[in-house]
Amino acid sequence: MLLSLSWLREFTPYRGSIDELSHRLTMVGLEGEEIVRPFAHLSPMVVGRVVEKKQHPGADKLSLCSVDAGTGENLSIVCGAPNVQAGQNVAVALEGTELPGGQVIKKTSIRGETSQGMICSEAELELGQDSSGIMVLDGAFSPGTGLRRALDLEEFVLDIGVTPNRPDCLSVMGLAREVAALFDLPLYKPVLDLHEDNSRHCPDEVQIEIDDPSGCPLYQARIISGCAIKPSPDWMRYRLMAVGVRPINNIVDITNYIMLEQGQPLHAFDRDLLEGDRIRVDRSRPGFKFPTLDEQERELNDQDLLIWDSEKPVALAGVMGGANTEINEHSTRVLLECAVFNPLSIRQTARRLGLHSESSFRFERGVDQANAPFALDRAAQLMSELGQGRGYQGVSRAEPRPCKPVQVYFRRERANSLLALDVDQEYCRRVLTSLGCEVQEEGGAMQVTVPIYRPDITREVDLIEEIGRVYGLDKIPEHLPKVQKSMHHEDADSEYRFLGAVKQWARGLGLQEAINYSFVGMADLDYLGVPLEGRVKVFNPLSEEQDVMRTHLLPGLLNTLKHNLGQGNTRLKLFEAARSFEQDSSSETGVRENNRLALLLYGRRHRGHWPHPEDDADFYDLKGLVENLLGAFGGLEGRFVLHREHPCLEPAVECICREKTLGVLGRGAPDKARAYKARKDIWYCDLDLDLLHSLGSRSRPQFQPLPRFPVVKRDMTIVTPMELAYHQLRDVVENAGVDILEDISLVDVYLPPERQEKKLTLRLTYRHPERTLKDSEVDREQQKLADLLLKKLPVGFP
Amino acid sequence: MSAVQEVNTSLKSLIQEFKHVLDQASSLQDLEEARGAFLGRKGRLARIMSRLPELDPADRPEAGKTANEVKTELGRIRESRKKELEKQAASDGDQSFDPSLPGRTPDVGSVHPVTRVIQDISNIFTGLGFEIVTGPEVETDFYNFEALNLPPGHPARDMQDTLYITETLVLRTHTSPLQIRTMEKRRPPLAAIAPGKVYRRDSDLTHTPMFHQIEGFLVDTHVSMADLRGTLTAFAQQIFDSEVKVRFRPSFFPFTEPSAEVDISCVMCQGRGRNQDGTTCRVCKETGWVEVLGCGMIDPEVFLQVGYDPDKYTGFAFGLGVERVAMLKYGINDLRMFFENDIKFLNQFA
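These protein sequence lines are chains A and B, in that order. Under this note's numbering, the first sequence has 306 at position 306, and the numbering climbs by one with no breaks. Under this note's numbering, the second sequence has 1117 at position 117, and the numbering climbs by one with no breaks.
Don't take every hint at face value.
To be verified - Per label pair, the in silico range of CB-to-CB distance: (1) 1285/B with 43/A: 20 to 26 Å; (2) 1050/B with 792/A: 48 to 54 Å; (3) 1083/B with 739/A: 42 to 48 Å; (4) 1241/B with 235/A: 48 to 54 Å; (5) 82/A with 1334/B: 50 to 56 Å; (6) 1241/B with 248/A: 49 to 55 Å; (7) 1065/B with 788/A: 54 to 60 Å; (8) 1285/B with 275/A: 50 to 56 Å; (9) 485/A with 1241/B: 24 to 30 Å; (10) 423/A with 1186/B: 32 to 38 Å; (11) 191/A with 1276/B: 50 to 56 Å; (12) 1076/B with 710/A: 29 to 35 Å; (13) 15/A with 1276/B: 33 to 39 Å; (14) 1050/B with 635/A: 51 to 57 Å.
Note that these hints are calculated values from the structure, not bench results. Ideal placement from N, C-alpha and C gives every residue a C-beta, glycine not left out.
With these hints in hand, go ahead and build the complete structure from the sequences.
Next comes the structure, spelled out in structure tokens:
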């Protein structure tokens, strides 16, 4: 809401600065968002007096003027306007001034004559439409006076952020009420002086019928005849312009002016375009098409409220008038509507049609029904004064739902306890009265009658807020509460803490956390070939790139990769811990949210150069991270099984932990990776953190006594076919039933150049818990294992 | 020469010989070889000692004593030569050793600045006794709006442009549903914070369609606005700095009454509105204040929704934007950087 200071001062004699006003309003909840200088572009313009006007010697249509602009010497200015005359006060743009259109005035020569400035028209100053001649100003100003001052243009306008609960502050009058209360100033209401034409009686001319009383609690109309449609006087146009409203003509401007001043939206119909003698308020029919005055056809449904004359709809109630009855240059009789509509109904229509007007904005929030008669009369009076019209006697009116003030019971102790204050009864009475409430004391408490214009106050706590707001929330004492906590809510194992621990784990291993949007494009998921089933689509996405909730974290991290490669970052070790989303009818919201951990490795294994080798990260780096994760969160071990079919990883390896699939790891399929500008292998894994959390939390460490006897280590080199997997060897050895075998580790893998077979060297660690082993027993067990391997697998020994 | 004399002589000569051999030794490896030759299981001392049983029983004690003395002396000589050689090795090594060469450095990882701020804030509140709760990001209209005193058609729904999944399912527009979810499950007293992702249908220089919030709330008997002010002032001074000033402005949220917005004195210009060089501060737009969070006393309607008696219980709630705090705290000037994940950006929060 843009508030003009001069307008405010018509209703309350605030004499302070705009900065102070902004601060005080901010501190009572009406945030001063910005101080606007609406006519800043005119500040360099000055008043000049045309001292002499001569014919331009080189051009018939140009005049050569000598102008006193208060600069000392008279200026020579060439002017093409037909209406320029000696003795006039005019608006001058001096050398170096920038016109609103962007043109910079320079000293020039026009057909051989020097011109040291420009005499401006209304249109050139963007103060009106008139470009037929220069603007002629009041003769009283001395040359050199600033144009803004001479035209009495508002210097500052305060932009106030009005919260949705305060519709009363969407008007100058409402803000004046607030300012008067804050600064303890009187409040003036405009005096009505309406001269009606007693020979015509409005209620006889037009009857109001309301078929939908809940949609329209009040409808009033007046008829003003004999109007002359023309531009509004300067003061009104400038005032409207100062608060960002484009002047149209006197009748339309008055409806806007009263809306801004009183908070009551009005609509003016051309009475002669309305058929019959009846105005009806009723719902539309579904599929009905209605042309609004912005020349667009709107398709309506049976919830939209319309204003009808005897034959046809003439306005989309509270939102926008119809093109068919709009005020035009030939209009002489105006039917002025001043109604109150149901906020919900207006909101639905405005939202569905995407048609938000100053009028619908106010109706949605709630208009002061009690003030509507005054607003109508004031508008009618202005139309008589500025439009030369005359109002018919009386008002056509229907009020199926009269408004009743709300009464609220208020206890001072409750206010003091909630606000931690110690204010007395008198203080509360004074504050509430200053805000327009009527207060009746009842014992220690108060019965408070709330004015109609404060629909936000319906309960005691709302009145408490008013006390706090006016007292100043900033002056309330501070106290640190003692938090009562009970031990049985064990939160040490919460989702938040687990995710935090995983993130710290990843950070400790040198990974960097990325955070991507939870939504991706359907096309991203399609491209990666992930299933269509179960996707959760966004109903009203901002763009196609964000139209579905991610079922996998991969698209986000691939985009992160692409962005980084574009920035010249060629080595990435990333992680993201976030939720994936899938349809699931068994979950509370119908969507299953699953915490996932994604890891992505790209480029060199090590940072820097010497002393590190220069090779790139590979599968075993990724697998090592996963194994480390399993160990760190619950001492788990995983099985890693080649997964034949995967849409976007090849190879893809499934990680299985306690017979459950924890996730998959592998290399981004090269054909898909190219779209993300990847030139090297992308190593990626995606794990179910919720599953890891539940598996890990079940295991509690069990102490084992430390071994007291020494180990014996023996190596065994095995020659195997290329395709034989290490885990096959391991399985045989582990399941051989050798009790004294404590550990198996792989110490070497030798792949000969001809690649027909490979050599694996295992280091076997033996230990007996109760005695020192003899060489001979170890030899025996070692031989037993070798025999078993020969028997079970196609292997040999070198 | 008697057998015993012979043995004694050979034993004693070992000392001179060992000294001589050790003087020749130039490395610890040479030393180890010499030790083997003289003191090893099949070394010269052992060989001489193997002859002791051949001696007259009367001579054996004397020869045994000499053998032990020689053994001790050989050990002493070896130790002293070993020290010399070690010292020498150390000073030889100095020449090739360059401590300024780079080390084998493991990578320094990082958590995202958003995570970092959430962790900082969580630590402050858990220190005050708050617990941490989480909830769904795809939320029902009931929890996201209705239960928070935002019935359908309420104009305040316009304050947040919503991304919908279906007519009754939204991407949560704030973390406030966690107030309802937590209170539904529990009875007062309770104090919790709820960090997480939230979503709005808004994207420009100062808005991203996804961002992070932290909701906090405390419910008990006799909670007052002073408790809210005390908690948030302490919080702001811990997360920014102890000199920061805090300002409470009345505002409006449907689920708190009274409601307030909290500003802190601008962290860039220290509340002066102008930078050191006299230019206007862009962070606070010359006002000296920047908005950091919204808060208020929990509205009685909210208590009714979860079955608490509003005459008995009061409480406060607040919600803050994590990216906003991160921008102020770390001086980040472009919101979009948070979700581009450029590692040159991420590295700065290691």
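Exercise. Taking the beta carbons of residue 1285/B and residue 275/A, is their distance inside 50 to 56 Å?
Worked result: holds, 54 Å
Exercise. Between residue 1050/B and residue 792/A, is the Cβ distance one that fits in 48 to 54 Å?
Worked result: At roughly 51 Å between Cβ atoms, residue 792/A and residue 1050/B fall inside 48 to 54 Å, so the hint holds.
For this session: Using the Cβ atoms, figure out if residue 1083/B sits within 42 to 48 Å of residue 739/A.
Result: Holds - the Cβ-Cβ distance for residue 1083/B and residue 739/A, about 47 Å, lies within 42 to 48 Å.
Problem set entry | Status of the given 20 to 26 Å range, CB of residue 43/A versus CB of residue 1285/B | Because 21 Å falls inside the window, the suggested range holds.
Problem set entry | Range hint compliance [Cβ, residue 15/A to residue 1276/B, 33 to 39 Å] | For residue 15/A and residue 1276/B the Cβ distance comes to about 36 Å; the hint holds.
For this session: Take a look at whether the Cβ-Cβ distance between residue 82/A and residue 1334/B falls inside 50 to 56 Å.
Result: holds, 55 Å
For this session: Given the hint of 54 to 60 Å, check if residue 1065/B and residue 788/A actually sit that far apart at their C-beta atoms.
Result: Taking Cβ atoms as reference, residue 1065/B and residue 788/A lie about 57 Å apart, which means the hint holds.
For this session: Mind checking the hinted window 49 to 55 Å against the Cβ distance between residue 1241/B and residue 248/A?
Result: holds, 54 Å
For this session: Could you see if the CB distance from residue 1241/B to residue 235/A stays within 48 to 54 Å?
Result: The hint (48 to 54 Å, Cβ to Cβ) holds, given that residue 1241/B and residue 235/A are roughly 51 Å apart.
Exercise. Okay, residue 1076/B versus residue 710/A on CB: inside 29 to 35 Å?
Worked result: holds, 31 Å
For this session: Indicate whether the distance between the beta carbons of residue 423/A and residue 1186/B respects the range 32 to 38 Å.
Result: holds, 34 Å
Exercise. Has the hinted range 24 to 30 Å been met by the Cβ atoms of residue 485/A and residue 1241/B?
Worked result: For residue 485/A and residue 1241/B the Cβ distance comes to about 28 Å; the hint holds.
The structure meets every hint from the earlier list without exception.
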